[in-house]
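Chemist: Start from chain A and add chains B, C and D according to the hints.
Each chain, written out:
Number of protein chains: 4
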Amino acid sequence: MLNGEKKISRPLRWAMVGGGRLSQVGYKHRTGALRDNTAFQLVAGAFDIDYERGKEFGVNIGVDEERCYPDYKTMFLEEHKREDGIEAVTIATPNGTHYEICKAALEADLHVICEKPLFFTTEEVLEIKELAEQKGKILGVTYGYSGNQMMMQMRAMIEKGDIGDIRIVELQYTHGFSSTEEADKFSDAQKWRVDPKISGPSFVLGDLSTHTYYMSQLIMPDMKIKKLLCDRQSFISSRAPLEDNAFVMMHYENGAVGRFWTSAVNAGCMDGQRIRIVGSKASLEWWDSKPGELSYEIQGQPAQKLIRAMPYLDDSCNADERLAALHVEGLSEAWANIYLKFAIAIDAKNRGDHETLENLIYPDINAGLEGVRWIENCVRSADQGAIWVDFEDVPTAQEVN
Amino acid sequence: MLNGEKKISRPLRWAMVGGGRLSQVGYKHRTGALRDNTAFQLVAGAFDIDYERGKEFGVNIGVDEERCYPDYKTMFLEEHKREDGIEAVTIATPNGTHYEICKAALEADLHVICEKPLFFTTEEVLEIKELAEQKGKILGVTYGYSGNQMMMQMRAMIEKGDIGDIRIVELQYTHGFSSTEEADKFSDAQKWRVDPKISGPSFVLGDLSTHTYYMSQLIMPDMKIKKLLCDRQSFISSRAPLEDNAFVMMHYENGAVGRFWTSAVNAGCMDGQRIRIVGSKASLEWWDSKPGELSYEIQGQPAQKLIRAMPYLDDSCNADERLAALHVEGLSEAWANIYLKFAIAIDAKNRGDHETLENLIYPDINAGLEGVRWIENCVRSADQGAIWVDFEDVPTAQEVN
Amino acid sequence: MLNGEKKISRPLRWAMVGGGRLSQVGYKHRTGALRDNTAFQLVAGAFDIDYERGKEFGVNIGVDEERCYPDYKTMFLEEHKREDGIEAVTIATPNGTHYEICKAALEADLHVICEKPLFFTTEEVLEIKELAEQKGKILGVTYGYSGNQMMMQMRAMIEKGDIGDIRIVELQYTHGFSSTEEADKFSDAQKWRVDPKISGPSFVLGDLSTHTYYMSQLIMPDMKIKKLLCDRQSFISSRAPLEDNAFVMMHYENGAVGRFWTSAVNAGCMDGQRIRIVGSKASLEWWDSKPGELSYEIQGQPAQKLIRAMPYLDDSCNADERLAALHVEGLSEAWANIYLKFAIAIDAKNRGDHETLENLIYPDINAGLEGVRWIENCVRSADQGAIWVDFEDVPTAQEVN
Amino acid sequence: MLNGEKKISRPLRWAMVGGGRLSQVGYKHRTGALRDNTAFQLVAGAFDIDYERGKEFGVNIGVDEERCYPDYKTMFLEEHKREDGIEAVTIATPNGTHYEICKAALEADLHVICEKPLFFTTEEVLEIKELAEQKGKILGVTYGYSGNQMMMQMRAMIEKGDIGDIRIVELQYTHGFSSTEEADKFSDAQKWRVDPKISGPSFVLGDLSTHTYYMSQLIMPDMKIKKLLCDRQSFISSRAPLEDNAFVMMHYENGAVGRFWTSAVNAGCMDGQRIRIVGSKASLEWWDSKPGELSYEIQGQPAQKLIRAMPYLDDSCNADERLAALHVEGLSEAWANIYLKFAIAIDAKNRGDHETLENLIYPDINAGLEGVRWIENCVRSADQGAIWVDFEDVPTAQEVN
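Chains as they are written, first to last, in our numbering: chain A, 448 to 848; chain B, 448 to 848; chain C, 448 to 848; chain D, 448 to 848.
Treat each hint with caution, since some may be false.
Identical chains blur together in the list; that is why a pair holds if it fits in one copy or across any two.
To be verified - Calculated pairs, PhoX-like style, for lysine-lysine (alpha carbon to alpha carbon, straight line, at most 25 Å): (1) Lys582 <-> Lys737; (2) Lys752 <-> Lys728; (3) Lys752 <-> Lys607; (4) Lys728 <-> Lys638; (5) Lys796 <-> Lys582; (6) Lys528 <-> Lys582; (7) Lys752 <-> Lys737; (8) Lys728 <-> Lys632; (9) Lys453 <-> Lys528; (10) Lys644 <-> Lys674; (11) Lys550 <-> Lys454; (12) Lys671 <-> Lys737; (13) Lys632 <-> Lys673; (14) Lys673 <-> Lys638; (15) Lys550 <-> Lys520; (16) Lys796 <-> Lys453; (17) Lys607 <-> Lys728; (18) Lys673 <-> Lys728.
In case anyone wonders, no lab produced these hints; they're calculated from the structure. From a predicted model like this one, the values you see are computed outputs, not experimental measurements.
Next up, chain A with everything else stripped away, as it sits in the complex (with noise of 0.2 Å):
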């Protein structure tokens, strides 16, 4: 259980790459990176394209004037120069420019976590991670609601043969505030989502469906995709070719078989992300509109509905709790959750400390790398006409080398 006692030695010196006051995602990076403040000490950041207001944006929450700068190069160029600069760098800004920033950061020797989808293509997430790992850094993705402790509840009884062999893989994430033409000019953050110069290769796939595939990852960490199928349809058709609603289908290498419903096209939908997982005795499944249930399954019992917080959970679901039982916890607490572990795997990475490391759970730039990778196979599946496509294993590094 965690109190806010320190993980590590001393909170690291943290700065954001946009995030500031429009921003819909920089509040929920910060609520996470600082919600002890043993983990990150928000120092310095180049919070907006327009600096006055990002200026006043970051003094308002705390830092101060002269570390608020005009952009991104300025800031690693200055903090470079400080003896008390910044060790990590969030980056909160539209897709498209995230594989360039966390390039400038790791070369200005920055820890980086990085909003999802990573970049555009897993030949840029290869070559950023054969830097990062050149430069011995950290590279974090913030697939937010991953840090719910459920999903180790989830790992940790599937492990266990809870449910028996796996058959059935059933995830959805979709929400239906893009139902109409006018939500894309409504606000800045879903108008660039729509615009594949920025947005990237898809919109929904990509902006939502990235969370509950990784977590489905983090849930089974043996399962593998064989083959998959995608069908994507753009509603409103000013998107196209950029996707709001997709429907895919897998093939797993156990035999298992999965489908996956994204969009931002279901009307009315406020229950977001649904993972079920069918095995072969017992079913688990977790929607994230009651985050801390778990609904348990087994065929020819009475369901039963597993809580947060309690004793019969798994010690490495309630490592992660915080609040105590009938004391609800939300996103806030899952993106602390993951901010933690970033900076316990900041932490180790500099000490050296490689047990640790190994034996960590959390999105890194392989969770960032598979996400990308399933975009492409998805959108390579849809192109052709929703056909099933072998789930192409992204060449290594060294293959690539």
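Modeler: The following block gives chains B, C and D in isolation, referenced to the frame of chain A:
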């Protein structure tokens, strides 16, 4: 609102083939047909392949011993001789016998009510359809849950444009009772369902999905499937080639897309059928575990829970209401509703009342045809490797001849 | 599991007083009584105070015109003369008429089934109870939902100690359909319910709470109320002195405490009845809006959702099962269950089969007596200013005489 | 919508008394106070009765070792000497110490935030209230969940007349974690709660019900209790005279009635708090297990599910929004909201900004007073045998003097 008062001049003399003591479904037929004793009257039966058991059973449910027959052929022959002979018969036997019994019943000048899936092939259905037309008889198909009046509510709301243009159709009929191989040995009912000679070309596609597929047609009469892709599995390998799980993806002619999940291995699932129709401005959702509720979710507004029997529902919905608000109706009322419509249809047919027949919404032989066509298209896709196939329009009876 | 096969040698000849076209509850009685045509057969009726309307109605539901009578007195007289005269009668008229019709029915040597609340006073019940004993007749009371088989499951689990010692009893039967004064003008059924001359000393206490109170006795036969306090209100002032809302607090003899909320002004409430029994180690909870489910909550363990028709339920519960898993049962099955038990009781009484009578759990005249006693105690407390009153044991018939 | 930008000119220098490593609630205070580092800054503490443990803990959460004090008296003394000394202190110690520490804190010229229930008697509260006024200091009470913004939504809807006139108030705060005697031995936190010397005159009435009682006042500021009746029990007899279960009935001055159930022996209950307000035309319902939802049930219309962060909510509700739709907020956001309001109140008090103070809705000393008064009235009723007592207006400070 229905209160048992007669809708036709007198109850029809009715018999059953099958549906005896060991039958799972026989009681549902009787529950539906005999709800108010003003639609049907059970006067004869060939209830069981074991004559003695069937006779004892028939007597126990109030049938004269002399009208408990050893087999359907004898029954049709003997009843034909009587002045008070049966006018309609229900066929509640395993799938593989439907065709021959239906044919014999029609040839014996009987109206017919038959279990789903109707037959093995659309050719058979077309042949029988022609025979029924020649004989001037009704052939109804017992998609039992389709009698739930919330289907009429969904139909009315969709017709009125309450959800806008239909974009996504999400259908599900799953359970987990066949999760293990033992399930196949447990009951006779399950045993024949996985034997292609008796069950036909499918297990769950026919046994489960035809229900929900018909319900989707009932609520969205204008939606036509253009092409589909079906991926089916036999997780219990002894069931192959029959599937215990299948995923279907659909493209509709209006540009909408859809999915269907049908399964008998969805371990622990007790929710059965789910229908979600996503439109350009709202969604409608219904689950058969709470059959008197409908979720109406207008994007951007609070979700509304519509409840059976309330004055705000459409007249076509409340027309089938029986128990009034706060008093849960279940499957038996749904069956009673379709059986009442069968009786009204038979009566209208007998009287040559075309107007009534044209306006009556119930699962007729065309609904049976659609179910068989659905299975054929799914199997055709699945057996070619889960590829997209054009949804074949079955040739009309005229074209066949 | 019930499938309609006869439980008694032949169906009983049965009539109704009241329950005609305008009755809300008449159809529920027929639905229950005639479920399988093997318990009761409707052969006569005095369905309506409007003779012509009642006759037309009777004919429409299959009763011979000559056996549709202008009033109960004529019916009892005429039917008594027939060899095939009625053997049992249901009284579904407003409360104020129950006593005299019950008395007349028993004097006409009929078994009686009567709506709740049985009469206005316990004295009346005791008098009629003595008469019924003299006549050797059954008097059943239609606490309809008490036929739901999950009541038997709760009874069995409590008996087995599955929840430990009972500490808290939380009961509720509320709706909001009488929230406005207009409701009283809307229907005749509502109008008489708020007229003390017809409804008796209470509105919702009698109309609603007697159901759930009986169900609490059914599931916890050993729990006796020691004292109670009732606070009742007439939010629509024209209803005074009859209450449209009441709160009751109970102390049981074993030290447990309880509460009851009954209301017709709980605006928007569509959940009706709720029963929660808290024990020293677990709780059981049931809601009538999902009548086939039971929540079993062992402190410190995941809550379990027990579902109707599953093999893990008690035999006494599954004995009343009809439709099998996945197929929702509702109020009509609950009514069918109690009417079947009425038939079994009547048949046993006729045959002098004491063993069957002793083992049969159904709402008999003692259950009717308990309901009236409950109302009397509640009203006695309320009318003294909502004070604690000892729960008065009604004197036995012997003591009365 | 809140994004962490400062609401006051600089964060307040803040300390805690209690709330160390073994405290259940200490982390909730820090989570709330330090959410954005723009309201409070934790600079000192007397975290633990074990000085060494408290010091280690303080250092681990980032407090300078020299400002980790052995006890509150030392802290107040030493901090008072510093130019950068603390300005506000939170008291998160067992109930029995609140009074003396609050008094000392005020005398040391500190603003105070104190756990509930505030003190043992209203006299104590009035005395401290006068002291706070003399000193010009704020005293806030941490009814944590009252910071949930759906409370503001309920308040706004009730104010606008969306439910009509309030008739029935149904409140609940129960759990089952103290179902057994072992629970009292398990944790120190539970042990002192059942010791009258430390806990005061009540267990669950103070520990649980004061939260929900305050919330009821927050959402219905015009509703005044006229009289109440409280029935309390000690199901674990060693807890007597302190109750582990209590039922309260209320009469309000406007003619409305209410109930409260508070319990620590509601076995298996994980839903915690429930608030249902029934009006003459609609009801509002909120459960703390799904804190971002509100059920709005207009009689005769479909129930509406209002969800956090949606534009259709009242501005006063969305003003406290942080994470946006689809992203679950939980208890930590509720605490952050009240702590932010404490900071705003303190800042306004320091600046003499009466307008801000008058318009700010937060749990101030009057809310603390109301909680103690509630307990006093409940206990007074219960100890006389659960009789009706007039809800005593506590004399004002002026009258006391």
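Chemist: If you check each hint against the structure, which ones fail?
Modeler: 1, 9, 10, 11, 12, 13 and 14
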